[in-house]
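K.L.:
Model the full assembly from the supplied sequences, consistent with the hints where possible.
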Amino acid sequence: MKDKQMTKTIKGIAAPLPLTNVDTDVIMPKRFLITITREGLADGTFADLRFDNVGQQRPEFILNNAPWTQATILVVGDNFGCGSSREHAVWGMRQLEIDACIGTGFAGIFYDNARKNGLALPVVSPETRDALLQFASNTSGAEISIDLDSRTITAGEISVPFEMDDATRTSLIRGRDDTLDSLEHAGAIRDFEAGLDGRMRVSVIK
Amino acid sequence: MNRTLYDKLVDAHKVCDLPDGDMLIYVDFHIMNEYTSPQAFSGLDAKRLGVWRPEAHLAVVDHVNATRSREPHDAASKLLIDNLEENCTKHGIAFYGLGDRRQGIEHVVVPEQGLVAPGMLIACGDSHTTTYGAFGALGFGIGTSEVEHVLATQTLRYKRMKTMRVTVEGDTAPGVTAKDIIMKVVQVVGAGGANGYAVEFAGSAIRGLDMAGRMTVCNMAVELGARAALIAADEITEAALKGHPHSGQFEFKGESWVSDPEAVFDEEFTISGADIEPLITWGTSPDQSVPITANVPSALDYVSPKAKAALERSLQYMGLTEGQSAQSIKIDTAFIGSCTNSRIEDLREAAKILEGRQVAEGVKAIVVPGSAMTRIKAEAEGLRGIFETAGFEWRPEAGCSMCLAMNDDIAMDGERVASSTNRNFEGRQGRGARTHLMSPAMVAAAAVSGHLADVRDFK
Chain A
1 MKDKQMTKTI KGIAAPLPLT NVDTDVIMPK RFLITITREG LADGTFADLR
51 FDNVGQQRPE FILNNAPWTQ ATILVVGDNF GCGSSREHAV WGMRQLEIDA
101 CIGTGFAGIF YDNARKNGLA LPVVSPETRD ALLQFASNTS GAEISIDLDS
151 RTITAGEISV PFEMDDATRT SLIRGRDDTL DSLEHAGAIR DFEAGLDGRM
201 RVSVIK
Chain B
1 MNRTLYDKLV DAHKVCDLPD GDMLIYVDFH IMNEYTSPQA FSGLDAKRLG
51 VWRPEAHLAV VDHVNATRSR EPHDAASKLL IDNLEENCTK HGIAFYGLGD
101 RRQGIEHVVV PEQGLVAPGM LIACGDSHTT TYGAFGALGF GIGTSEVEHV
151 LATQTLRYKR MKTMRVTVEG DTAPGVTAKD IIMKVVQVVG AGGANGYAVE
201 FAGSAIRGLD MAGRMTVCNM AVELGARAAL IAADEITEAA LKGHPHSGQF
251 EFKGESWVSD PEAVFDEEFT ISGADIEPLI TWGTSPDQSV PITANVPSAL
301 DYVSPKAKAA LERSLQYMGL TEGQSAQSIK IDTAFIGSCT NSRIEDLREA
351 AKILEGRQVA EGVKAIVVPG SAMTRIKAEA EGLRGIFETA GFEWRPEAGC
401 SMCLAMNDDI AMDGERVASS TNRNFEGRQG RGARTHLMSP AMVAAAAVSG
451 HLADVRDFK
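Protein chains in written order, with the working numbering: chain A, 1 to 206; chain B, 1 to 459.
What the hints contain is simulated information worked out from the structure, not anything from laboratory work. We put the beta carbon where it would ideally sit given N, CA and C, even for glycine. Misleading hints may appear alongside valid ones.
Label-pair distances were calculated between CB atoms; the ranges are [unchecked claim]:
1) PRO261(B) - GLU184(A): 36 to 46 Å
2) SER203(A) - ASP11(B): 21 to 31 Å
3) GLN56(A) - GLU322(B): 21 to 31 Å
4) LYS306(B) - PRO67(A): 23 to 33 Å
5) GLU355(B) - ARG190(A): 55 to 65 Å
6) GLN56(A) - ASP275(B): 46 to 56 Å
Partial chain A-side listing against chain B, Cβ under 8 Å, derived [claimed, not checked]:
7) THR37
8) ASP78
9) ASP165
10) ILE189
11) ILE205
Just so you have them, the derived chain A footprint on chain B, three or more residues with Cβ under 8 Å [claimed, not checked]:
12) 4-18
13) 37-46
P.N.:
Right, here's the structure in full:
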């Protein structure tokens, strides 16, 4: 599989989504999970927030309103991505062309899934998040820029640092495949297995 | 020495350091289900990779299967189930499918097969893999890309978490269960309060729990954001390892799987066991709970406008009035099941309430035993008769069922469910469905009352 392109700066219109504890059931309801592929999940993403019971767009939902229909960045509430491990939530967000979510903290499995799929999750202080929510709400069509190299977010007059661990940042910039990367350490894995003395190796087929 | 149990587990499984601070850790045992693994297998195919060590994996059908009958309820779920079996056959991986006496909810099946022991590292594409911490094993949920990574390399890229200890000290009152303990912890620490942490549970109230109770506690630790939950291995753990099909196969020596006395945690919480009452959730996040004797919060209970707005949104979704008493909440459905509370011990507790009583008129009541073996055992003990006489529907097949409504057990818009499960999220049990989390005994009490009820009122 080919490496993806290098990404250093993410730039786009940001939409405010201030709800706290947005869980992966809300991001990708279960009726879209009965699938064996990664594709076709854009319509499922935030489906119950975007559409009503008869499939009509909910006018009150931010992503249904211009200019946020074009949003590629979300500014989100605390603990975004909590709940189920379903990576479908991240696949769907990427298929909806979301490149980044800015928040105060993310659930662990969601964070790891995001990294594997090129979804950047810069972490900022509650004050910065609130300022960015304000910016995203008030500034029609203005863009937010996220520089992964310098770990800085720029939004109009606002220029603030964000947190992101080194491994995640490198992974997002290089877009490499973790599985293939890790197989370069096959020798170390075999050495570890050879040293599993005193512990029996698990075998389910017995 | 001053290492935490968590650090000992990570150290024992570290393969090598990677640039930028990650490490590779070795996965002793990996479990798969039918809905988070298909794209991992197709990822292997696309990269022309095989499975590193097929015998260290187990696949179990549990999320999408019907529990009313053995036949899949529709073509889409059948496709997922068949796809898993084909992938397992192709790669030589053990598969417990429909009709297999070992089948059931993955986190119920693994302990009853004896496939978990202290000191192991277990991964699974399911967030409730924290369950295995009850055995002093490091268990955690992973996404599908990581499932592919474990299949191909038997390792994961890993970053060491911060550590948190939650001590629950002192005896709990009669009627207070492991479910109430963990719901109290979620209420105190908050839904995202342990993001980035591995949590160890300690204190006399935890040590006093049997293994089923410890599993309930560790299972729901993910609802506070914990990426791992741990309880030190002791004589109760040792005793629980014996007598299963795979017992004795694994022996993880070289460490005692407890935190050293001098170990320092990054964060500490202490809760008094005596202060815990039977709890119910009133909102749409697992930390929104109150004692069954209390009222649903009102705007007066909150200061910040944000908190007032969140309350209003939750109450609106749940169809509740602020300040109404918990016991005035009428239910449509009672559900006992899930990886949190569907073990034989849970069924026995619920049956004690149901014996000699009837499900209230108009309430639909369902019990889905966590595994085929659990069901067989429960039937042998006469529990099925108690549930059925009371008016519960006893499901013949095992699975997650209405916990997350991926099969045909879907609650309707506005349907209110007293549920022994783990998540009360919007839409979790069906679009517009209203979930109240509680212990299995409390679900039974609600089923016979027709409204949320205090289990302590049932002698």
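K.L.:
For each hint, tell me whether it holds in the structure or not.
P.N.:
The hints, checked one at a time:
Separated by about 41 Å at the C-beta atoms, PRO261(B) and GLU184(A) satisfy the suggested range of 36 to 46 Å. Checking the proposed 21 to 31 Å range against SER203(A) and ASP11(B) shows it holds: the Cβ atoms sit about 24 Å from each other. Distance hint check for GLN56(A) and GLU322(B): the Cβ-Cβ separation is about 30 Å, which falls inside the suggested range of 21 to 31 Å. A hinted range of 23 to 33 Å holds for the C-beta pair LYS306(B) and PRO67(A), which are about 25 Å apart.
The beta-carbon spacing between GLU355(B) and ARG190(A), approximately 57 Å, falls within the hinted interval of 55 to 65 Å. Checked against the given bound of 46 to 56 Å, the beta carbons of GLN56(A) and ASP275(B), roughly 48 Å apart, stay inside it. Interface hint at THR37(A): satisfied, since its Cβ lies 7 Å from the closest Cβ of chain B, which is below the 8 Å cut-off. With its C-beta approaching chain B no nearer than about 6 Å, ASP78(A) sits inside the 8 Å limit, and its interface hint holds.
Checking ASP165(A) against chain B: minimum C-beta separation of about 6 Å stays under 8 Å; hint holds. Evaluation of the ILE189(A) hint against chain B yields a held restraint, the C-beta minimum of about 6 Å falling below 8 Å. For ILE205(A), the interface hint holds, the least distance from its beta-carbon to any beta-carbon of chain B being 5 Å, beneath 8 Å. With 3 residues having a beta carbon nearer than 8 Å to a beta carbon of chain A, the segment 4-18 of chain B meets the requirement of three or more and the stated coverage holds.
With a threshold of 8 Å between beta carbons, the proposed coverage of the segment 37-46 of chain B by chain A holds, since 5 of its residues qualify and at least three are required.
In summary, this structure violates none of the numbered hints.
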